[in-house]
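Engineer: Line by line, the protein sequences are chains A and B.
Taking our numbering, I'd label the letters of the first sequence as residues 56 to 255.
Taking our numbering, I'd label the letters of the second sequence as residues 94 to 203.
Keep in mind that the hints were calculated from the coordinates and are not lab data.
Fair warning: this is a prediction, and the values are worked out from it, not measured in the lab.
Take these hints with a grain of salt, some might be off.
To be verified - Okay, derived cross-link-like pairs now, EDC-like style, lysine to aspartate or glutamate, Cα gap no bigger than 20 Å in a straight line: (1) B:Lys-147 / B:Asp-160; (2) B:Lys-147 / A:Glu-170; (3) A:Lys-141 / B:Asp-196; (4) B:Lys-147 / A:Asp-194; (5) B:Lys-147 / A:Asp-209; (6) B:Lys-147 / A:Glu-230; (7) A:Lys-141 / B:Asp-199; (8) A:Lys-141 / B:Asp-194; (9) B:Lys-147 / B:Glu-95.
Said to hold, decoys possible - Here are some chain B residues the structure puts well away from chain A; computed CB gaps all over 10 Å: (10) Ala-174; (11) Ile-182; (12) Asp-194; (13) Lys-202; (14) Gly-203.
Note that beta-carbon positions come from the ideal geometry of N, C-alpha and C, so glycine has one too.
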Amino acid sequence: MNWHTFFFLLFSLLACGFAVMVVLSSNIVRMALYLVFSLGATAGLFFLAGADFVGAMQLMIYVGGTLVLLVFGVMLTAQGPFISMKTRGGDWILAALVSGSLLALLIPASFSIREWTNAPAEAESAELAESAEPGAQPDTATRLGMGLLGVRVDKLAGAPKELQPGMSGYLLPFEIVSVHLLVVLVGAAYLARTKRRATS
Amino acid sequence: MEPVGISHFMAVGAIMFVCGVVSMATKRNALGVLMGVELVLNGANVNFVALSSKFLTTAPGRSLGLDGQFIALFVIVLAAAEAAVALAITLNFYNNHSTVDVDRADELKG
């Protein structure tokens, strides 16, 4: 058992365990806390898979931004009797049924493809990490940033000459998602404004 | 102990997805439903990142490459936007009904 396996087991147990505790808890404040831990452990899984920039964004946007938003929502809406709303017993049985069948479908499916199950052995993986030229490995952020601007620097080699400028970059989705974010924030501010002026 | 592959990451993603679905289905608090949506999106993100990693598979040329990480980034941004709008709707609902119980939102029931 090497360190990669150890940290994978640690982070996956944390992520799955706290996700299960989010489901089982009925106190909304505790659910928010468990969700923070689960998403943070998921960021650790991203680091393990070699996606350092996505992991950092997960920590910054999800754990730092979205969860603060959720906690503010909890504080603005939670009142004594409503802070824990119990689920009825019949709903729990249905939920256990649905979740059990979904898990029984998904987990064997994820182990059914041979290409996914045979991971490179430890020596092979270390060789892969070594074989990358020095200075080329930790620049995931550069490649992702260039890709968002429309230039796939990671795919330039081996591409046909006429396709190289602007090769399958993500400039258009990037622009769409930025306008979408602006519209969403304006809409959220409009929706969540206080209604006091309208009524009085 | 076999080395960790894509399948193990996918199993983690599947468990998080199922937890999110169950949380969406059973919680009566609207914010709990929102947290279920976040869990579902995270499970999907785990799958994308695992498929894009070149350290987890014996055929590195056939992994998704950086595209999976791009999609994961877009999913994170869209999840943030969705949380903002859903929170605004929840606050509006709370202002009108002074509760966030989704079972009380039945005005549109036929």
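Engineer: State for each hint whether it applies.
Structural biologist: Going down the list of hints, with the structure as the test:
no.	hint	in the structure
1	B:Lys-147 / B:Asp-160	12 Å, holds
2	B:Lys-147 / A:Glu-170	13 Å, holds
3	A:Lys-141 / B:Asp-196	12 Å, holds
4	B:Lys-147 / A:Asp-194	15 Å, holds
5	B:Lys-147 / A:Asp-209	13 Å, holds
6	B:Lys-147 / A:Glu-230	28 Å, violated
7	A:Lys-141 / B:Asp-199	19 Å, holds
8	A:Lys-141 / B:Asp-194	10 Å, holds
9	B:Lys-147 / B:Glu-95	17 Å, holds
10	Ala-174	4 Å, violated
11	Ile-182	6 Å, violated
12	Asp-194	6 Å, violated
13	Lys-202	18 Å, holds
14	Gly-203	22 Å, holds
The earlier numbered hints that this structure contradicts are 6, 10, 11 and 12.
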